[in-house]
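Sequences listed follow chains E and L, in order.
Counting along the first sequence from 1, when you hit position 595 you're at 707 in our numbering, and nothing is skipped either side.
Counting along the second sequence from 1, when you hit position 429 you're at 486 in our numbering, and nothing is skipped either side.
Since the hints were made in silico from the structure, they are not lab data.
Backbone N, C-alpha and C fix where the C-beta goes; we use that ideal spot for every residue, glycine too.
Where hints are given, some of them may not hold.
[As the list claims (entries may be wrong)] One side of the interface only, derived from the structure: several residues of chain E facing chain L at Cβ under 10 Å:
no. : residue
1   : Trp299
2   : Val406
3   : Lys664
[As the list claims (entries may be wrong)] The calculated EDC-like cross-link candidates involving lysine to aspartate or glutamate, where the alpha carbons are at most 20 Å apart (straight line), are:
no. : chain 1 : residue 1 : chain 2 : residue 2
4   : L       : Lys208    : L       : Asp350
5   : L       : Lys506    : L       : Asp425
6   : L       : Lys208    : E       : Asp269
7   : E       : Lys664    : L       : Asp350
8   : L       : Lys506    : L       : Glu426
9   : L       : Lys208    : L       : Glu161
10  : L       : Lys506    : E       : Asp653
11  : L       : Lys506    : E       : Asp269
12  : L       : Lys208    : L       : Asp156
13  : E       : Lys664    : L       : Asp512
14  : E       : Lys664    : E       : Asp653
15  : L       : Lys506    : L       : Asp416
16  : L       : Lys208    : L       : Asp416
[As the list claims (entries may be wrong)] Sample of chain E residues with no beta-carbon within 10 Å of chain L, all distances over it, derived:
no. : residue
17  : Asp115
18  : Ala152
19  : Glu219
20  : Ala289
21  : Ala598
22  : Phe610
23  : Tyr650
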Amino acid sequence: MADFAWTIPFWPALGWLVLGLVGGHLPRRLVAWIGCGTVALAFAAAVAARATFPGEPQERTLFTWIAAGAFSVDAGLLLDRLSIVMVLMVSGVGLLIHIYSVGYMAEDRAYSRYFAYLNLFMASMLLLVMGRNLLVLFVGWELVGLCSYLLIGFWFDRERAANSGRKAFVVNRIGDAAFLIGVLLLWTSLGTLDLRAIGAQAATLGAPVMVTASLLLFTGATGKSAQLPLYTWLPDAMEGPTPVSALIHAATMVTAGVYMIARLFPLFTHPVTVVVVATVGALTAFFAATIALVEWDMKRVMAYSTISQLGYMFLAVGVLAPAAGIFHLTTHAFFKALLFLAAGSVMHAMHNVIDMHMLGGLARPLRYTAGAFIIGGLALAGIPPFSGFFSKDLILERAWEHAVGGGSPVPFILGLVTALVTAVYITRAARYAFFDQSYREPHPHEAPPVMLWPMALLALLSVAGGLLGAQRIGAPLLEFLAPQFAEAAPHEAAPGLFVPVLSILAGVAGVAIGWLGYRDRRDPDLGWVARLFSRHWYLLDLYDGVLVPAAKRVAVLLAGPVDLGVIDRAVNGIGALAVGGARGLRRLQTGYVRQYAAIILVGTILLMAYWATR
Amino acid sequence: MLSLMLFLPLAGGIFLLFFRNPRAIRGIALGASLLSLYVSIVVLGRFDLHGGMQLLESYSWIPAVGIAYRVGIDGLSLPLVLLTQLLSAVSIVYSWRVDMRLKEYMFLLLLLQTAMLGVFAALDFFLFYIFWEVTLVPMYFLIGIWGGPRKEYAAIKFFLFTLIGSLAMLVGILLLYFNAAPRTFDVLSLIQQQPLAGQLRLATIAFWGFFLSFAIKVPMWPFHTWLPDAHVEAPTAGSVILAGILLKLGTYGFVRYSLTLFPQVFQQYASLIAILALLGIIYGALVAMAQTDLKKLVAYSSVNHMGYVMLGVSAAAFAYGKPDLAPAATTALNGAVFEMIAHGVITGALFLIVGVIYDYRAHTRGVDEFGGLGAILPVYSGITMVAMLASLGLPALMGFVAEFLIFLGSFGVFPGFAATGLLGIIITAAMFLWTIQRIFLGPANPRWKGLADMDTRELVALVPLTVLMVIFGVYPRPLLDIINAAMTTLVAALR
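Just chain E, with the same shape it has in the complex:
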């Protein structure tokens, strides 16, 4: 494999270093070139990796990172079929979003800081998908989290942005702690953290260890990929600049959990794990879609949509169809990034107005943006021939087979219902934003070409991306991935028309309901159901009303009454008893202690002198 291929993550890292150290002194044009150029180089290296890929997994060790006792772990990279798909997608979509940012952030004061963070993110994400062992993966995993934190809070003088960034990091940390326990358990049981070795030896683990380890890692995934119950940070993450939402919180970072499970797939094949992953995925898909139905902030609609679509991906790996999951991950990256960039273009035109109450009728002034949004929306709704149809349909087919083959029917049913709800909410959003006349701003301007071209390319990918998995032309992506998941149940070639027809019906019906149901520019009165959805099925009340205040109260209680009132006094008391007798500290005057200190000093000097002169 070409040496150039191994340089993938280092280009953006270099960009980060340069921009981070001297970016503030460089002209904006150069900052943009460095920011985008390094990512373009990474993409070129990824293409080289694909072109020169010999078929067998390739590894490279950089140096021994940590070695202590029996433990040793390398800083090593791995390029196999799965990581090649990921680096191509990450660097490709990343490049487009970098270019879009040149236009979107043109007015921002902290231009170089923005591109420095974005480059650091790219380097971390590429490291995550190229890491050869769990620990390198974990480094990438944490660093993308850091970048997410930094970029959500990019406009840190806004209180809400700062809050959201912190929330994202802390909620992720909860998952990460579980993830780390899983790592520890795997090392203790297998004596290796090498990803391929874990995959190969997973079957030798006893059932309890296998289930425990996989569920611990999965808990980490629910944090990073915003699944139930750790999804709460992602909607708030929309406080960051919109290209960041597109790149980190839709296309790449949030899919890390799916990638991780696909990467360690053999570990996740125990029936108990399978049920948990598929159920959590299906529930999240449905749950988040219902919230998207009643949300008025266009970006947050997209955020819940992302959570929901990630649920589909987990559903896929949960019904033992990792290739379908990765396929959906790829098409979703295209169309969801497109939807976000289109939303960003709306914000750009409307001076950051994103509340759909204030939008409407934008299809006329923002022709291209509207077109992009509609293409992305149709892909999301699963209408053929747009890409989303193929990947979502494949997942539903596999869920159906899973159910027919004796597995749980829940994933299929929820998956199908969610397909309907998805089509409804995205049509609702499109109608509110782009149709019927009502926007307030008198003269919204279409985005500049530097923003439109990336959208055009993503639109093309959103339309044609389905070909990657279309059986008729040999499903190039699925074929390419097939050897990776040889252990997964082989795919029967005759799926029949039953599932695709249902899936198309759900999509079309959803679009129709969405179009007709919201024609008055207001939500139909759903009564308590709407309240149920907008309160996140009352999970919000549990989190913000009970758990978070409780944790804060414990901290204050410990710091005040307990630490100062009990422990300090107790220990002081014992100390006083021991030294000063019953009357306590006060009897010991300052002079006494000073004297004692002085005595120690003098005594020492005398002892030293004795030794010196003896």
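Fit chain L to the supplied structure of chain E, relying on the hints for placement.
Leaving out everything else, chain L in the frame of chain E:
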């Protein structure tokens, strides 16, 4: 060689007493400290990774009672010696603007440096005990004279706490001495002899004697209450030394003495001590979260981090006599020692950071009084971010390597405890991020509009520490190899 390194700072301290010019005094102080640092780098160059205890020096002192001047260095003490040198030099640089009673101040700092080096290098209990006690004296005066408003209370509290511990340790030392044959204070010979191996009751008494002394120093929960007071009142350099090195005397003692001299007793109580460590981890982090005084917050975060160290040490103790757990024990000890260094670098930096904002700028440490400083002090914010992220264990920074090894090793010994300890990393993350937010993020507080960013003196003190956090996070090998060789030997000797 080692003696030269040990006494150079003290010699410089005595030498500067003859000068009156403040510039000369500062110059001599820094010169002596750097010279000693240079000697320790030469020591590092001559250090043989697999040479065990080396560069031994031994001179007879009071032969009648088996006391001698014995020093030596191994892979456990060498990193701590280097840390001491680094933080001492940094403290002197940071203290460049001290005017009040400058001569005494610098003398005490240099005396402290010698005493701390002595504790790590001493191989004779009598000598060790002297150095151990002498560290108290300069710190007592540093807090008591250059400290904040409640300096008297804090200084006395600090002194009494540690003094009680010292007395308890003295009992332990004497028990060892009187049961050895021939009677000696020679540490290596005592470890060889294991004089209390057959007498469980005496060994238990001696163990708890040492324990009390070390546990107060660490400080382990619930002996930690002197720490926030001492830190809050201490001058910045004093806090740096206190958190960076003096706390390590306790954990060093656990590894060097408790583990090797009383392995059976330590093994017996390892679970109990691990529970105390866990309490320190979780309790320290929670209490830190509730603090509004930035310095107190960092102080409680030390309680949390030293809890990690003790978790690793108690895991190693628990593994005594169980050969199949030896690899895990080695890993845990590696992590514990690495954490000592990491915490020294990171928390040393954090106390400097508190000093930068408090000493010559805002004159307040109220976390809630700031806000939006990120826009006003970009360099300061950047360095603080790195240090706090390192402290909360972000991978690719120094703290992560340490915490990971500790958890990895202790998980192999007692998985339940290790998993519980991981709660700490969630709370510390919440705590530090909230702190960052309260100080640096949000709308800029107009009260601090005019603050200047860091000056040369502060950069010289802080940049090296920050760079080390990154280097040893990405490439910990140079440091870890030294520690690993020593810990492998130590665990092997325990079996």
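A quick look at each hint next to the structure:
Residue-level restraint check for E/Trp299 holds (minimum Cβ-Cβ distance to chain L is 6 Å; threshold 10 Å). Hint on E/Val406 is violated. Least Cβ distance to chain L is approximately 30 Å, over the 10 Å limit. With its C-beta approaching chain L no nearer than about 8 Å, E/Lys664 sits inside the 10 Å limit, and its interface hint holds. With a CA separation close to 16 Å, the supplied pair L/Lys208 and L/Asp350 stays within the 20 Å bound.
Only pairs whose Cα atoms come within 20 Å are accepted, and L/Lys506 paired with L/Asp425 is accepted, the gap being roughly 16 Å. About 37 Å separates the Cα atoms of L/Lys208 and E/Asp269, which puts this hinted pair outside 20 Å; it is violated. Simply put, E/Lys664 and L/Asp350 have alpha-carbon atoms about 17 Å apart, close enough for the 20 Å limit, and the pair holds. Proximity of L/Lys506 to L/Glu426 is assessed by CA-CA distance (about 13 Å); at most 20 Å being required, the pair is judged to hold.
About 17 Å separates the Cα atoms of L/Lys208 and L/Glu161, which keeps this hinted pair within 20 Å; it holds. With a C-alpha separation of about 39 Å, the suggested pairing of L/Lys506 with E/Asp653 is violated against the 20 Å cut-off. At roughly 14 Å between alpha-carbon atoms, L/Lys506 and E/Asp269 fall within 20 Å of each other, so this suggested pair holds. Distance hint between L/Lys208 and L/Asp156 is fulfilled; the C-alpha atoms sit about 18 Å from each other, no more than 20 Å.
Using a Cα cut-off of 20 Å, the hinted pair E/Lys664 and L/Asp512 is violated, with the two alpha carbons roughly 37 Å apart. Distance hint between E/Lys664 and E/Asp653 is fulfilled; the C-alpha atoms sit about 16 Å from each other, no more than 20 Å. A hinted pair counts as satisfied when its Cα atoms are at most 20 Å apart, and L/Lys506 with L/Asp416 qualifies at roughly 17 Å. For the given pair, L/Lys208 sits about 16 Å from L/Asp416 by alpha-carbon distance, which is consistent with the 20 Å threshold.
Its beta-carbon lying about 22 Å from the closest one in chain L, E/Asp115 satisfies the requirement of being farther than 10 Å from that chain. In this structure E/Ala152 is separated from chain L by more than 10 Å, as the shortest Cβ-Cβ distance comes to about 25 Å. A cut-off of 10 Å between C-beta atoms confirms that E/Glu219 is not in contact with chain L; the least separation is 17 Å. For E/Ala289, the non-interface assignment is contradicted: its Cβ lies about 5 Å from the closest Cβ of chain L, within the 10 Å cut-off.
Separation of E/Ala598 from chain L is adequate, the least Cβ-Cβ distance of about 32 Å exceeding the 10 Å criterion. Consistency note on E/Phe610: stated as away from chain L, and its beta-carbon is indeed over 10 Å from all of that chain's, at 46 Å minimum. The Cβ of E/Tyr650 sits about 24 Å from the closest Cβ of chain L, beyond the 10 Å cut-off, so the non-interface label holds.
When each numbered hint is compared with the structure, violations occur for hints 2, 6, 10, 13 and 20.
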